[in-house]
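From just these sequences and the hints, can you work out the full model?
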Amino acid sequence: MSRSVDYEVDVQLSELIERLRVGLERHPTAGAALAAEVEQAMALLTARNQRRRVLQRMQAQGLMDGRPEQARLDLEAQDAQLRERLSGLLARLEPRSADEDPQAS
Numbered sequence: 112m113s114r115s116v117d118y119e120v121d122v123q124l125s126e127l128i129e130r131l132r133v134g135l136e137r138h139p140t141a142g143a144a145l146a147a148e149v150e151q152a153m154a155l156l157t158a159r160n161q162r163r164r165v166l167q168r169m170q171a172q173g174l175m176d177g178r179p180e181q182a183r184l185d186l187e188a189q190d191a192q193l194r195e196r197l198s199g200l201l202a203r204l205e206p207r208s209a210d211e212d213p214q215a216s
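Per the working numbering, the sequence shown starts with residue 112, numbered consecutively.
Do not take every clue at face value.
[As the list claims (entries may be wrong)] Estimated spans, in silico, between C-beta atoms of each pair:
(1) His138 <-> Gly173: 42 to 52 Å
(2) Ala144 <-> Arg178: 17 to 27 Å
(3) Leu184 <-> Pro139: 30 to 40 Å
(4) Arg178 <-> Ala154: 23 to 33 Å
It is worth saying that the hints were derived from the structure and are not from the lab. What you are looking at is a predicted structure, and each value in this text was computed from that prediction instead of being measured. Cβ atoms here follow ideal geometry from the backbone N, Cα and C, with glycine treated the same way.
Set out below in structure tokens:
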């Protein structure tokens, strides 16, 4: 799905967020350290979404001054960081599912 600033929505990032949401619903008491890291990741995701909306408004108002390519690259880099962080959180959360649910494999 294409967005302004020639930015493509990161489907993998969306899938990771959904898997993390489901995992956290299964394990609401996953631990304070994991919960704090999830909170930090969600704060980064919120900041990313706010930045994307600002860039979209700037582009719509003609205020990008030929910088849409750099804006797109910055968003993609931020998405890559979030994918890595969310993948790590999922890796820590999913073994809990396998331990608690023998049919989860």
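Status of the hints after comparison with the structure:
| no. | hint | result |
| --- | --- | --- |
| 1 | His138 <-> Gly173: 42 to 52 Å | holds, 47 Å |
| 2 | Ala144 <-> Arg178: 17 to 27 Å | violated, 39 Å |
| 3 | Leu184 <-> Pro139: 30 to 40 Å | holds, 37 Å |
| 4 | Arg178 <-> Ala154: 23 to 33 Å | holds, 25 Å |
In this structure, the one hint that does not hold is number 2.
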